[in-house]
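Participant: Put chain W on the given structure of chain U with help from the hints.
Those sequence lines, one after another, are chains U and W.
Numbers 1 to 137, taken from full-length UniProt numbering, label the letters of the first sequence in order.
Numbers 1 to 359, taken from full-length UniProt numbering, label the letters of the second sequence in order.
Watch out, some of these pointers could steer you wrong.
Have a look at the derived ranges for each label pair, beta carbon to beta carbon [stated by the list, open to error]: (1) W:234 - U:107: 22 to 30 angstroms; (2) U:52 - W:48: 28 to 36 angstroms; (3) W:17 - U:91: 47 to 55 angstroms; (4) U:91 - W:298: 47 to 55 angstroms; (5) U:23 - W:227: 21 to 29 angstroms; (6) W:32 - U:130: 17 to 25 angstroms; (7) W:265 - U:72: 39 to 47 angstroms; (8) W:290 - U:12: 28 to 36 angstroms; (9) W:324 - U:52: 43 to 51 angstroms; (10) W:329 - U:73: 51 to 59 angstroms; (11) W:50 - U:3: 37 to 45 angstroms; (12) W:281 - U:12: 26 to 34 angstroms; (13) W:306 - U:38: 46 to 54 angstroms.
Treat the hints as calculated values from the structure; they're not laboratory data.
In this text, a Cβ means the ideal position worked out from N, Cα and C, and glycines have one as well.
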Amino acid sequence: MDRTQISEAVQKAVVEAVGAEPEEVVPEATLLDELGAESIDLLDILFRLERSIGVKIQAAQLAEYVQGGIPDDEFGDENEIITERGLAQLKRVMPQIDVAELSGRLQATQVMGLFTVDNLVDLVVAQVEASAATAAA
Amino acid sequence: MTAIHIVGTGGYQPGDPIPTSEIARLAGPLPEDVLQGLSIERRYWMIDPATGEHRENNSDMAYKAAVRALDSAGIEPGEIDLMILATGTPDYPLPPLVNFVQDRLGLERCATLEIRSGGAGVVQALDIARMYLAAGVHTTALVIGSEAISPVLAPIFLGKDPESIRMRDRMPLYMFGDGAGAMVLRAQDGPGGLRGAASACIGGGRKPGIHSVGGGTHAPIHEQLKAKRLVDLKVDVVGAGDFTPVMVTEAISGTLARAGLAVDTVDLCLVPEGNVGWMLDSLREAGLDTTEWKALDGKIIDSLSTMGAVGCAAVPLFLDDAWRSGRVKPGDRIMLVGVESTKWIYAGAVVDWTAEAPA
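Same shape as in the complex, but just chain U (with noise of 0.2 angstroms):
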């Protein structure tokens, strides 16, 4: 399966699950601040890739792939501001922040709302390329 394949199931279960129009499931929208989605949405959307595309992923998986395993107080401080290891971490897996602009003012509740439907798509390959690795070990 190969990107554009998992882009487009991604969108598919994006407009379902949000009760959004195909045309706003564009890439660089965020799925909780722009489209809407709750966590129940969101525990949708990966279910409907779980049944199209046999991508099982977990809902708490989600929030792990973006914290990247880093410790709860080394990714926010005493403020609950996400510190410059954690916006580095962030900045992987998505690539469109600008590290500079919230450096020293992004809150731990707002990670979430910058996750777009092309970070989902990044997810959804990492996880299918790792499935795919253990199936040839």
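Facilitator: Frame of chain U, contents of chain W only:
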């Protein structure tokens, strides 16, 4: 000593049980872990799932439950001088549903009340009836809880491709059903009967867990008519999952305190959703599996898995199920807990059971 006793109960659910596999066929599947969390195997709908036509209505169900309760108590309808009904889904905004049941029972005159507090309402009704009977104002009360949720569910799936239905809309179809339950109360001599009761709304300032929108007066009717569905049942599954356990534990401790009873004197505790997976997980995660909750382990009565989530009907319907199956027996001390996740209302009552189950 005169006390207020529950002398009979009745329950009614419409049509044949609808298994979860049928809901999946109508509205699309849910993830296995979500299904397990909901813990509902079957439910009953007053609508025909194929057409959405109503096969009966809320007042029919309430009447049938009432007749069964009166039969079990050996009491004639003419002896009832107080009727209190709780529902969130009446046939009409007005007249009150309770008066249609009154019509059907052939009572030209009767004191009647209708309560709109969702799942907590019928337990509130029980306490109001207790006070009237204890004060000698009335002698025989009929308390009914009834709910007709399937009519609101029909537009979600009728004529739709099941795959296109959003999970947030799909989930209520798995959860909700219809039904009615009734209890007959009487002042009579002898030990036992209703003890204390407690009720509170603990959701002041908190967002509703469930919001039934449409058909009210919150917005101009011409604006409401533009909505995709005339009545929309918005269920905040995540919010409800987090706060319902708080409400249930507070209901239990509040009711025990008002009744002046220790938890270890309670033989059985009826809590709709009290035995389901998500509730138990959430209680543990939130550290709410309190000493009192643990003391009730193995004593919870909950027919949710076989009767569905039935709002106002749950407490009397599940009680009737437990009484007729022999789980509730004379001499048992039972706590009845009704909770409502729209605006977070609880009501609890304790009763020392005296009625022999019908043969």
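Participant: Next, verify each hint and record whether it holds.
Facilitator: Outcome of the hint check:
1. W:234 - U:107: 22 to 30 angstroms: With a Cβ separation near 27 angstroms, residue 234 of chain W and residue 107 of chain U satisfy 22 to 30 angstroms, so the hint holds.
2. U:52 - W:48: 28 to 36 angstroms: The hint (28 to 36 angstroms, Cβ to Cβ) holds, given that residue 52 of chain U and residue 48 of chain W are roughly 32 angstroms apart.
3. W:17 - U:91: 47 to 55 angstroms: With Cβ atoms ~54 angstroms apart, the hint holds.
4. U:91 - W:298: 47 to 55 angstroms: holds (53 angstroms)
5. U:23 - W:227: 21 to 29 angstroms: holds (23 angstroms)
6. W:32 - U:130: 17 to 25 angstroms: holds (22 angstroms)
7. W:265 - U:72: 39 to 47 angstroms: holds (44 angstroms)
8. W:290 - U:12: 28 to 36 angstroms: Because 46 angstroms falls outside the window, the suggested range is violated.
9. W:324 - U:52: 43 to 51 angstroms: The hinted range 43 to 51 angstroms holds for residue 324 of chain W and residue 52 of chain U, with Cβ atoms some 47 angstroms apart.
10. W:329 - U:73: 51 to 59 angstroms: holds (55 angstroms)
11. W:50 - U:3: 37 to 45 angstroms: The hint (37 to 45 angstroms, Cβ to Cβ) holds, given that residue 50 of chain W and residue 3 of chain U are roughly 43 angstroms apart.
12. W:281 - U:12: 26 to 34 angstroms: holds (31 angstroms)
13. W:306 - U:38: 46 to 54 angstroms: violated (31 angstroms)
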